[in-house]
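S.K.: The primary structure of each chain is shown beneath.
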Amino acid sequence: MKKGTMPKLGMIFGFVLLTLLSTSIVSAQQTFNTTIYFDYTNYLSKGGPVTSAAKNNFFAFRRAYFTYENKINDNLKFRFRYDADNTVNITSVDFGKASTKKDDKLRPFIKHLYLEYSGLMPNSSLKIGMTETIQYKIAEDRWGYRSVAKTLMDGYKDITGVDVDAPSADLGVSLTGSLAKYVRYGLMISNGAGYSHAESDKYKKIAGHIHLIPVAGLSVVGYMDYEKQDADNSATTYKLDGYFEMIRNLIIGAEYFLYKNDKYLTNDEVRYDVSGLSLFGRCILKADVISLFARFDRYEPNSKTSDDEMSRVIAGLDWAPVHKSMRLQPNIWIRSYPDSEKKNDVVFNFTFFLSF
Amino acid sequence: MKKLIATVTLGLAFLAMVLIAAPAQKKMIQIKGSDTLVNLVQVLAEEYMDKNPGIALAILGGGSGTGITAIINQTCDIANHSREWKQKEIDQAWEKGVKPRFFIIAVDGLSVIVNEKNTLDKMTMAELGAIYRGEIKKWNAVGGTDKAVSLYGRQSNSGTYVFMQEHVLGNKNYSTDMKEMNGNAQIIEGVLQDEGGIGYVGVGYLFDKDGKVRKGLKVLNISKQPGGQAFSPLDKAAVDNGDYPVARPLYQATNGKPDAAVAAFMAFETGPEGQKIVEREGFFTIGAKHKEQNEKNLR
Chain A
86 MKKGTMPKLG
96 MIFGFVLLTL
106 LSTSIVSAQQ
116 TFNTTIYFDY
126 TNYLSKGGPV
136 TSAAKNNFFA
146 FRRAYFTYEN
156 KINDNLKFRF
166 RYDADNTVNI
176 TSVDFGKAST
186 KKDDKLRPFI
196 KHLYLEYSGL
206 MPNSSLKIGM
216 TETIQYKIAE
226 DRWGYRSVAK
236 TLMDGYKDIT
246 GVDVDAPSAD
256 LGVSLTGSLA
266 KYVRYGLMIS
276 NGAGYSHAES
286 DKYKKIAGHI
296 HLIPVAGLSV
306 VGYMDYEKQD
316 ADNSATTYKL
326 DGYFEMIRNL
336 IIGAEYFLYK
346 NDKYLTNDEV
356 RYDVSGLSLF
366 GRCILKADVI
376 SLFARFDRYE
386 PNSKTSDDEM
396 SRVIAGLDWA
406 PVHKSMRLQP
416 NIWIRSYPDS
426 EKKNDVVFNF
436 TFFLSF
Chain B
90 MKKLIATVTL
100 GLAFLAMVLI
110 AAPAQKKMIQ
120 IKGSDTLVNL
130 VQVLAEEYMD
140 KNPGIALAIL
150 GGGSGTGITA
160 IINQTCDIAN
170 HSREWKQKEI
180 DQAWEKGVKP
190 RFFIIAVDGL
200 SVIVNEKNTL
210 DKMTMAELGA
220 IYRGEIKKWN
230 AVGGTDKAVS
240 LYGRQSNSGT
250 YVFMQEHVLG
260 NKNYSTDMKE
270 MNGNAQIIEG
280 VLQDEGGIGY
290 VGVGYLFDKD
300 GKVRKGLKVL
310 NISKQPGGQA
320 FSPLDKAAVD
330 NGDYPVARPL
340 YQATNGKPDA
350 AVAAFMAFET
360 GPEGQKIVER
370 EGFFTIGAKH
380 KEQNEKNLR
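Chains A and B, in that order, give the protein sequences.
If you count the first sequence from 1, you need to add 85 to reach this note's numbering.
If you count the second sequence from 1, you need to add 89 to reach this note's numbering.
No lab work stands behind these hints, which were simulated from the structure alone.
Relax, there's no trap hidden among the hints.
Okay, derived cross-link-like pairs now, DSBU-like style, lysine-lysine, Cα gap no bigger than 35 Å in a straight line:
hint, chain 1, residue 1, chain 2, residue 2
1, B, K177, A, K371
2, A, K289, B, K177
3, B, K380, A, K371
4, A, K266, B, K261
Taking the hints into account, I'd like the entire structure generated from these sequences.
M.R.: Structure (structure tokens):
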């Protein structure tokens, strides 16, 4: 896409949305929702890659979402979601002063901005705009604790530093739906740049998944995406998930993915692959009040290197003592490394989840 | 390391306290869903709890869609709903391993109400549909005055909204002028204060404490066809034999076979004592066919 085309398209899209909204605002169903993840973190070990930082206990906001939804009619819905985090760490703008400095203020950015149309085919949903990607939405619904940890692919870059082209939202078009109670599908064409960046090339990411439920409570999901990186190189993701929900109040899930990018080369110019495995379980002891959760992740950021893997175990409790909109989620993370030079990291988080 | 052991020990102690404390509480049955059913089930629950002090029932409204979602997500024991499940919801339940069982606990003559100053007494199903689709804008098009029609309805997660859309509007969209109210009581308040107002509510919401239709409201008789006889939702015989065209069963759903405590409550609701309450609250009792189906599902 040419430089400057993005803002123009954005303006046109915004104008169309505003026009639609202004004509329907009187009678539409409108909702506002806020969700906040707030942590108290305490390092229980010292000297690991994470726990060697000078700070060893701190409070932090990790996420603050503000969502506005407008149901224009039975088939048409609009969503606008602001997200805010402090990972951008941008430099404050200084008008005329001698110094500028970086800060960690929570800064809002647009996470979702889309129209959803459900009248195209029976049991389908077409989304146009900045919308959630289809890579791990199913996994996220099953895991259910984004407040504690993102799902495997979603959080892969945060943990390993290796980008697997897995943004949680992107600008494009997606179509999801069900063909019968045994089969769900999802297709998406998007920039591939994610919600953090404007498109920088002419290539688009094409993604698809097929979700089979052969018996009630047992799901198998196959996912694949493809995007050319430049004229000679491309990147492909293969993903396989399985979910077991046949026992009341128990959810067990597994995710495995393999990411191949022709531009990911070792010093010897040999392509290496990136992969990961996640196993998780969630047990509801009392609905909307108390649950237990645990997860094991295995990260392989470079298939050609033997000592860069890492594992992570998460275990915790989800407790809503007063109301389900205010949850306390104490949890422990243990990260271990095969590299004998690296010490294990043990981190305790007391996560506050607020949704209202 | 000491810090780790201390934290883990504290965590386990905390968990043990929560788990130990739980069995000491009463057996709690969570019921969510239909706003049409919420008052009726609340009264049924209160009477049941009086007789069974070891059981606690918590009843929440929010609409049929809310209740159905809750049973699919396994966050309640019983879902109240005033419409049948959509295919999408049946598919979601399948995906999550939820096998719903359906029970009918009462029958509702969904009542079309207008302000008492409205000169109309009856209308056809086709006229009612055209009014709610926004095709008829003034009352004189159906034999009334030239006052503008003012539409009151429910929000879309309400089973009543969906039932009306499917059975009266021919699955077409509601007029965008319709005011989407949060409950039956709000619709009644709207119509009471609006001479051009029309609304639809569960029959159980029509009455005052003396058992009479609330002052200021008029309940319209509805006919299936133009020229056909119009019937009132207050006429039990007309509702029972299908002459009143906007009648519907009111459901409860469980995830699979209900456990002993839930089954006992449902047996109370659908048994003679419960059905007396159903009648007292302004709804209609279930027939033999529904009873047989309920008993089968309880087994």
